[in-house]
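The residues making up each chain are set out below.
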Amino acid sequence: MNKKELMRAYRQMYLARAFETRVAEQYTRGRIGGFCHLYTGEEAVAVGALWHLRPEDYVLGSYRDHAYYLIRGGDPRKAMAELFGHSDGCCKGKGGSMHFCDAGMNFFGGYGIVGGMCPIAVGLGLAAQRLGEKRVVVCFFGDGATNQGVYHEALNMGTLYQLPIVWVCENNQYAIGTSVPRSSAVESMSRKAAAYGMPAETVDGMDFFKMQSVSERAVARARAGKGPTFIEAKCYRYRGHSMSDPATYRSKEEVEFWRQRDPLPRMRAAIRHDFEAEDREFEEVEAEVGRLLSEAVAFAERGRELPVERLYEDLYVDEAAASPTSAGPA
Amino acid sequence: MPKVTYREAINQALAEEMRRDARVVVFGEDVAEYEGSFKVTRGLLKEFGPERVFDTPISEAAIVGAAIGAAIGGMRPVPELMTVNFAYVAMDQIVNHLAVMRYMFGGQVRLPVTIRMPGGGGHQLGSQHSHSAEPLFTHVAGLKVVYPATPADAKALLKAAIRDDNPVIFLEHEGLYNSSGEVAEGLEAGRIGEAQVLREGSDVTLVAYGAMTHVALEAADALASEGLRAEVIDLRTLRPWDQGRVADSVARTHRAVVVEEAPPVCGIGAEVAATITERVFDRLDGPILRVSGADVPLPYARQLEQACIPHAPDVVRAVKRLMQGAW
Chain A
1 MNKKELMRAY RQMYLARAFE TRVAEQYTRG RIGGFCHLYT GEEAVAVGAL WHLRPEDYVL
61 GSYRDHAYYL IRGGDPRKAM AELFGHSDGC CKGKGGSMHF CDAGMNFFGG YGIVGGMCPI
121 AVGLGLAAQR LGEKRVVVCF FGDGATNQGV YHEALNMGTL YQLPIVWVCE NNQYAIGTSV
181 PRSSAVESMS RKAAAYGMPA ETVDGMDFFK MQSVSERAVA RARAGKGPTF IEAKCYRYRG
241 HSMSDPATYR SKEEVEFWRQ RDPLPRMRAA IRHDFEAEDR EFEEVEAEVG RLLSEAVAFA
301 ERGRELPVER LYEDLYVDEA AASPTSAGPA
Chain B
1001 MPKVTYREAI NQALAEEMRR DARVVVFGED VAEYEGSFKV TRGLLKEFGP ERVFDTPISE
1061 AAIVGAAIGA AIGGMRPVPE LMTVNFAYVA MDQIVNHLAV MRYMFGGQVR LPVTIRMPGG
1121 GGHQLGSQHS HSAEPLFTHV AGLKVVYPAT PADAKALLKA AIRDDNPVIF LEHEGLYNSS
1181 GEVAEGLEAG RIGEAQVLRE GSDVTLVAYG AMTHVALEAA DALASEGLRA EVIDLRTLRP
1241 WDQGRVADSV ARTHRAVVVE EAPPVCGIGA EVAATITERV FDRLDGPILR VSGADVPLPY
1301 ARQLEQACIP HAPDVVRAVK RLMQGAW
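Those sequence lines, one after another, are chains A and B. 1 is the number of the first residue of the first sequence in the working numbering; add one for each residue after it. 1001 is the number of the first residue of the second sequence in the working numbering; add one for each residue after it.
By construction, these hints were calculated from the structure, which means they are not laboratory data. Among the clues, some could well be false.
[What the hints assert, rightly or not] Derived list of chain B stretches under chain A, where covered just means 3 residues or more per stretch with a C-beta under 8 Å from a C-beta of chain A:
#1 1064-1073
#2 1137-1149
#3 1171-1178
#4 1299-1309
[As the list claims (entries may be wrong)] Some, not all, of what chain A presents toward chain B, calculated at C-beta under 8 Å:
#5 Trp-51
#6 Gly-95
#7 Ala-103
#8 Pro-119
#9 Gly-123
#10 Leu-124
#11 Leu-126
#12 Ala-127
#13 Ala-128
#14 Glu-153
#15 Arg-217
#16 Leu-293
#17 Val-297
#18 Phe-299
#19 Arg-302
#20 Ala-321
[To be verified] If you want the ones that stay clear, here's a sample from chain B, every Cβ over 12 Å from chain A, calculated:
#21 Glu-1016
#22 Arg-1020
#23 Pro-1057
#24 Ala-1090
#25 Ile-1192
#26 Arg-1290
All C-beta atoms in this analysis are idealised placements derived from N, C-alpha and C, irrespective of residue type, glycine included.
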C-alpha cells in the first residue's frame, strides 16, 4: 500500500472515531434519544474488513453501526440527522442509531437483534450467487451473537451453499456486561466456527494491517466462488456497551492495556515508519474531518422532523395497505 | 371449468409464477427432492432445477432470514415452512426483521417474500403440529396475511402474493389440501384485501376464513332448511381485511357471527366484532357472537380434538341464540 492509500485508511478510522465523539456530545446534550452504541476503539476492524470491497458488495452488521455506514461512504450529515430523528436522516428518522441503512451504497443495516442479521447475509449471498453476480457480502456481528441459534443456522447454510460471505466477528470481549469466559463454552470464536467447514482465523482487530490482509484473502475467496471465510477480530470498545453503560465491570488496568493498543496511534506510527510523514499531514486530515463533522451537526440542528401525518408511510409498498383504524392514537 | 384440488391449485400457482418470472425461487425443508411434506411442490425441482428449487436444513429462522436477504438481493423468494408451528421458531425473523425492515429503513427496501405454511387442526397431530396461528401474524404491521378457502382463491391469491412487493404470510389449511373446486383455465392473480360474499342472505352475516368458510356454508345450509337466510362472507385476506364489505353486510342483516378456528382471545373474531361495532353499531340487533376454537393447546385424542374445532352445529346454535335474543 502506498502512502496515499494509508492516509485514506487513517482518515476513515479517524472519521469513525471523531464522529462517535460528536455523537457522545450530542447525546449528553439530550439531542439524541434511545440506545446509542459507539464504535470507539474498534475502528481498525471495520476499515480493514471493508478495505477490499467494491461498491456493488453488500454490507450489514449489528446495532453498533455508525462506522459501517461512514466507512462505506455514507454522508455524516445524514447520519447525524438520523440520530436527531429528523426527516433528512438516512432512514428519515425512523431507524435511529441502531438502524442505519443506505440501499444506494448496498449497506443494508444496522440490526438490534443479536445475530439476527446473519441469515439475512445468507440470503444476500444466495441472491448474488444464483443471479450470477460477483458480489461479496460482509457481515459484522459481536462475540455475543455466537451464542444465538440463528447464528449457527446461518454459518451452516453459508458453507452448505458455498456462498460469497465474509463473516466478521468483532470479539470485543463483552456481550453488554458479560465477558466471553462467562458466556461462551469455547473462548476462541474461530475455533467455535471451525465446525462449519471454512477457513477461520483470529487476528488482532486493533491492527488495520492485519485486518486488511486477512480480509483481502477472504474477499478474494468469496469473489472467486470458493465460499465463506470466518474472521475473528480481537478488539476492544473503549466505552460502555451503550451511552447508558458506565462499564464498571471492567478494571482500569484492563482498559489501559487496550488503550496501549489503540488502532489510531498505531496507524500513525506505521505510516511514519514506512514513509516520510509530518504531524502537519495528520493534523490536516483531522481538521478536514472536524469541519465535515461540524457541518454534520449544524445540518442536523437545522433539520426538520417528519410530520406525524406521515407516520404510516413506508410500511407497505402500496401505501393503501396500511389502514390506520379508528382505534389508533394517530 | 376443470376441477382441481387445493393442493394442485397452489402447485399450479407456484409453477406459473416461476415460469413468468425467473426471480421467483422456492426453498424450504424437503421441498425439492422430497417434493414437499404435503407434496405441494411436486414437479418443481424437475421443471426449474436446483438453482431455483432447493432443500434447506431444518433451520426455520435462517430460512426466513435467507428469504429476506434474497429479496433485498433482487429475488422473489417463496419459502415454505413445513407447518405454522415451525414458524414460531422463525418468529424473530418474521416479526422483528421481515415485517419491520422496510419501515425502519425509511422505505429503502422492498421485501417481496411470500412465506407459505400449512396449519390448522383436525388430523390428530397433537399440540405442536396443529396450531391456527393466523391471529399472531395478523397482529403484525408490515405483513399481509392471506388464508384461502377454495382452490380458485388459493391459486389466484398465491399468484397475487408472489407478485406483491410486500411480505405476505400465505396460510394453507392442511384439511383442505384434498378438497377440490373449479379453477378457470388461465386464472389470473387475485386481489389481496378483498372478501367475497359466497352466499347472500338477510337474517345474519356469517364471517369466516380458511377451513371455517366451509363450516359457515354448511351452517347456512342447515339454517336455510329452518327458514333462516344467512349471508356467508369469506374474508380470504386477514391483513388488510375487507372491513367495508363486512360492515355493509351487517348493516343489512343486523346480526353477525364470526367463525374462526383459532382461539378467541385477541383473535380475528375479536377484531371483526370490534370493527363492526365501531362502524355500524346502530344497525345491530344484538351482540356479535364468536364461534372460536377452544382456548387450549390441541389434544391428540380424536374426540377431544374435534371438541376444539368449530363445526356447523355450533354455528347454527349461535345463530339461533342470536335470533331468539338469548345471548
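These are the hints, each one checked on the structure:
As drawn, the segment 1064-1073 of chain B meets chain A at 10 residues by the rule of a beta-carbon pair under 8 Å; at three or more, the given contact holds. Restraint check on the segment 1137-1149 of chain B versus chain A: 3 residues with Cβ-Cβ distances below 8 Å, three needed, restraint holds. Residues of the segment 1171-1178 of chain B with a Cβ under 8 Å from some Cβ of chain A number 0, which does not satisfy the need for three, so the listed coverage is violated. With 0 residues having a beta carbon nearer than 8 Å to a beta carbon of chain A, the segment 1299-1309 of chain B misses the requirement of three or more and the stated coverage is violated.
Below 8 Å, beta-carbon pairs count as interface contacts, and A:Trp-51 has none with chain B, the closest being about 23 Å; its hint is therefore violated. Checking A:Gly-95 against chain B by beta carbon gives a least distance of about 5 Å; that is within 8 Å, so the hint holds. Because the closest C-beta pair between A:Ala-103 and chain B is about 4 Å apart, less than 8 Å, the hint holds. Taking 8 Å as the C-beta contact cut-off toward chain B, the hint placing A:Pro-119 at the interface holds, the least distance being around 2 Å.
Here the hint on A:Gly-123 is kept, as its CB sits about 2 Å from the closest CB of chain B, short of 8 Å. Given the 8 Å rule on beta carbons, the hint for A:Leu-124 holds: about 4 Å separates it from the nearest Cβ of chain B. This hint holds: A:Leu-126 has a C-beta 5 Å from the nearest C-beta of chain B, less than the 8 Å allowed. Below 8 Å, beta-carbon pairs count as interface contacts, and A:Ala-127 has one with chain B at about 2 Å; its hint therefore holds.
At about 6 Å, the closest approach between the beta carbon of A:Ala-128 and any beta carbon in chain B falls short of 8 Å, and the interface hint on this residue holds. With a cut of 8 Å, the hint placing A:Glu-153 at the interface with chain B holds, because the nearest CB-to-CB distance is about 4 Å. Interface restraint check for A:Arg-217: the shortest CB-CB distance to chain B comes to about 24 Å, outside 8 Å, so the restraint is violated. Restraint check, A:Leu-293 versus chain B: the minimum CB separation of about 22 Å is more than 8 Å; hint violated.
With its C-beta approaching chain B no nearer than about 21 Å, A:Val-297 sits outside the 8 Å limit, and its interface hint is violated. Hint on A:Phe-299 is violated. Least Cβ distance to chain B is approximately 17 Å, over the 8 Å limit. With 8 Å as the threshold, the beta carbon of A:Arg-302 stays out of range of chain B, its nearest partner Cβ sitting at about 19 Å, so the hint is violated. Interface restraint check: A:Ala-321 against chain B, minimum CB-CB distance 5 Å, threshold 8 Å, status holds.
Look at B:Glu-1016: its CB is around 20 Å from the nearest CB on chain A, clear of 12 Å, so calling it non-interface holds up. The beta carbon of B:Arg-1020 sits about 17 Å from the closest Cβ of chain A, which is more than 12 Å, so the claim that it is off the interface holds. Listed as outside the interface, B:Pro-1057 is inconsistent with that label: its C-beta sits roughly 6 Å from the nearest C-beta of chain A, within the 12 Å cut-off. Consistency note on B:Ala-1090: stated as away from chain A, yet its beta-carbon is not over 12 Å from all of that chain's, at 9 Å minimum.
With a cut of 12 Å on Cβ distances, B:Ile-1192 falls inside the contact zone with chain A, its closest approach being about 8 Å. Every beta carbon of chain A lies more than 12 Å from that of B:Arg-1290, the smallest distance being close to 18 Å; the non-interface claim holds.
The structure shown violates the earlier hints numbered 3, 4, 5, 15, 16, 17, 18, 19, 23, 24 and 25.
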